[in-house]
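*Asks:* For reference, the chains in residue letters:
2 protein chains.
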Amino acid sequence: MKIAVDAMGGDFAPMEIVAGAYAAAQKQKDIFIILVGDKIKIEEQLQNKPQLANLNIFHASQVIEMHEEAALAYKQKKDSSIAVASRLVAEHKADAVVSAGSTGAQLVAGIFEIGRMKGVKRPAIITYLPTIKDDCLVIDVGANADCKAEYLQQFAILGSAYAASVLGKENPAVALLNIGSEEEKGNELYKETHKLLKKAPINFVGNIEGRQLLAGDVDVIVCDGFTGNVLLKTAEGVAMGILSILKTELMSSALTKMGAMLAAPAFRKVKKKMDYKERGGAPLLGINGISIICHGSSNSQAIENAIYLAEKCVRTKMIEKTIASLGKEA
Amino acid sequence: MKIAVDAMGGDFAPMEIVAGAYAAAQKQKDIFIILVGDKIKIEEQLQNKPQLANLNIFHASQVIEMHEEAALAYKQKKDSSIAVASRLVAEHKADAVVSAGSTGAQLVAGIFEIGRMKGVKRPAIITYLPTIKDDCLVIDVGANADCKAEYLQQFAILGSAYAASVLGKENPAVALLNIGSEEEKGNELYKETHKLLKKAPINFVGNIEGRQLLAGDVDVIVCDGFTGNVLLKTAEGVAMGILSILKTELMSSALTKMGAMLAAPAFRKVKKKMDYKERGGAPLLGINGISIICHGSSNSQAIENAIYLAEKCVRTKMIEKTIASLGKEA
Chain F
6 MKIAVDAMGG DFAPMEIVAG AYAAAQKQKD IFIILVGDKI KIEEQLQNKP
56 QLANLNIFHA SQVIEMHEEA ALAYKQKKDS SIAVASRLVA EHKADAVVSA
106 GSTGAQLVAG IFEIGRMKGV KRPAIITYLP TIKDDCLVID VGANADCKAE
156 YLQQFAILGS AYAASVLGKE NPAVALLNIG SEEEKGNELY KETHKLLKKA
206 PINFVGNIEG RQLLAGDVDV IVCDGFTGNV LLKTAEGVAM GILSILKTEL
256 MSSALTKMGA MLAAPAFRKV KKKMDYKERG GAPLLGINGI SIICHGSSNS
306 QAIENAIYLA EKCVRTKMIE KTIASLGKEA
Chain X
6 MKIAVDAMGG DFAPMEIVAG AYAAAQKQKD IFIILVGDKI KIEEQLQNKP
56 QLANLNIFHA SQVIEMHEEA ALAYKQKKDS SIAVASRLVA EHKADAVVSA
106 GSTGAQLVAG IFEIGRMKGV KRPAIITYLP TIKDDCLVID VGANADCKAE
156 YLQQFAILGS AYAASVLGKE NPAVALLNIG SEEEKGNELY KETHKLLKKA
206 PINFVGNIEG RQLLAGDVDV IVCDGFTGNV LLKTAEGVAM GILSILKTEL
256 MSSALTKMGA MLAAPAFRKV KKKMDYKERG GAPLLGINGI SIICHGSSNS
306 QAIENAIYLA EKCVRTKMIE KTIASLGKEA
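Chains as they are written, first to last, in this note's numbering: chain F, 6 to 335; chain X, 6 to 335.
The set of hints was computed from the structure by calculation and includes no laboratory data. Where a beta carbon is used, it is the ideal one built from N, C-alpha and C, also for glycine. Some hints here could point you the wrong way.
[Claimed, not checked] Mimicking BS3-like on lysine-lysine, the simulated pairs with C-alpha atoms at most 25 Å apart in a straight line are:
| hint | chain 1 | residue 1 | chain 2 | residue 2 |
| --- | --- | --- | --- | --- |
| 1 | X | 276 | F | 252 |
| 2 | F | 138 | X | 262 |
| 3 | F | 153 | X | 190 |
[What the hints assert, rightly or not] Output of the computed footprint for chain X on chain F, the stretches with three or more beta carbons under 8 Å from beta carbons of chain X:
| hint | segment |
| --- | --- |
| 4 | 40-48 |
| 5 | 147-160 |
| 6 | 216-222 |
| 7 | 256-270 |
| 8 | 298-311 |
Could you put together the complete structure from these sequences and hints?
*Replies:* What follows is the structure, encoded as structure tokens:
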């Protein structure tokens, strides 16, 4: 299996990206990693490390920066690392691409290099949300800020196929994010989507409210990209905020300080559970190839985990199974 | 000061409502409470308690139930407790109304009994969000599921006036909830709103992402009612979820269990900080009177705190100051 890693994308590129790719290549010999980007800069990062047979470099001369307008930058920089890495997937020279660079650029490269699956109107980003049970999935978390009900219906099908293939869930429970449990709740978009989901070829279990998010009772939560992104960042912000408030309170007396010391292993476990770096990245669904979107601030550990996630998507035949699910819909 | 309390609204009405109103009347002799609802049922709740000079009953024969379609129920039940209580405010027989009943019914009663402020297109619900510093305010959290940019602009002005009057903030910092800090981020509604807020007579500090929610760096966060409601419930769900995950982890070994025991006071403080019952309720802004919306599941403590919040809104002349702020806009 070959995985193309965009070595130039992300706040800590190429250092953290190369380090993460190297770690994955070292541990999993059956993964062949192609580092895509500036050959000289990548070699600099590798110079003190023993050479690995399953890690090589594919040169790309340009980089799309975070602040650039994605569609325009993609057009102007045909040799950008994300375009080249995505092209390797399109040309079947790689099985997946992993990037921590501009999400917009990765989305555009996914659509124009790799191409949308037949019938898919809008590719969407799916991500993992920790719950008190297993992780659940949320789709879309940012690819589509403005949505129509028919897009959300497709997100539901894409998300359900992902849960079935990659997570091995039988008949995944799919819920619609909403502001009430009753069918008639929500804004116009969500009311219309609810009707469509009832008829979709998925196990639709109804609306879910933010309050039940962490209960872990559903496998896939469907929403538009604006709301999904707000939800994701709110969950992250609140989780970190709570731990920070708790830390302040714990440090306020000698007794609670001692309690905190004894309880430290539990805190570490919770922090780890809530840490996006443990999950690595969020797959872009609805395109004819695997493209894993990582946090801009990804460190080597996040990149390494994103590579394992890409490997899992390939191994579980996510693409083939998703295409089959979409076929059922038509 | 007179506060009308809808004794029949809420999951635990009339018991918890009457108990909360009684507690407030007992503690704050300058608040005169009018319990609105079924006289016999309310008297049942009061029968074993010493009579208070500042607590009386105003009979209303009907109740709007949670499951009823609000606008229709309001039309059909002119003698419902929420309509009657709101009418007392409209007729200046009460200074504020507090209810834990149907939010939709309270909104409709607010608009049709009390009336919108001049120029206000859509009243909105403002609520308190705990942060690592002071609480911040979020508007709208559910009155308007479908919004236009001009509504959001008014929410910003209403929220700013509220922070200035009730919280005594000078030049409150108002931010727009969004999925990125840059001006061009967001969906169409939020991009347009950003432009309007830059021109509005408020201290607009730009976009805020969910990740910074609990940092407490802004006073007011503006969003549409759908997104705001998702945000609020997600924050609540994640906060409770984290504490629940932490509890499970803490119980997993003898050492962490002991740590948890010692650290218990800190946990209690955090739980209290995150508990909506501490704040009582969320004011409905943009109408010519004070109407405090409480959680359907409010207990007596929540109702008591909502009464104190109503009292604070009256005392700080929230209505007069908001009207003055709206005047500045025109």
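*Asks:* Now tell me, hint by hint, if it's right for this structure.
*Replies:* Hint by hint, here is what the structure shows:
Distance restraint check for residue 276/X and residue 252/F: the Cα-Cα separation of roughly 13 Å lies within the 25 Å cut-off, and the hinted pair is therefore satisfied. Taking the CA atoms of residue 138/F and residue 262/X, the gap is near 21 Å; set against the 25 Å cutoff, the hint holds. With a C-alpha separation of about 19 Å, the suggested pair residue 153/F and residue 190/X falls inside the 25 Å cut-off, and the hint holds. Given a C-beta distance limit of less than 8 Å, the hint that chain X covers the segment 40-48 of chain F is violated, as 0 residues qualify and 3 are needed.
Under a criterion of three residues with beta carbons nearer than 8 Å to beta carbons of chain X, the stated coverage of the segment 147-160 of chain F is upheld, 3 such residues being counted. For the segment 216-222 of chain F, the stated coverage by chain X is satisfied: 5 residues place a CB nearer than 8 Å to a CB of that chain, which reaches the threshold of 3. For the segment 256-270 of chain F, the assignment as covered by chain X holds, since 12 residues bring a beta-carbon within under 8 Å of that chain's beta-carbons and 3 suffice. Here the segment 298-311 of chain F counts 0 residues with a CB under 8 Å from a CB of chain X, which misses the bar of 3, and the coverage is violated.
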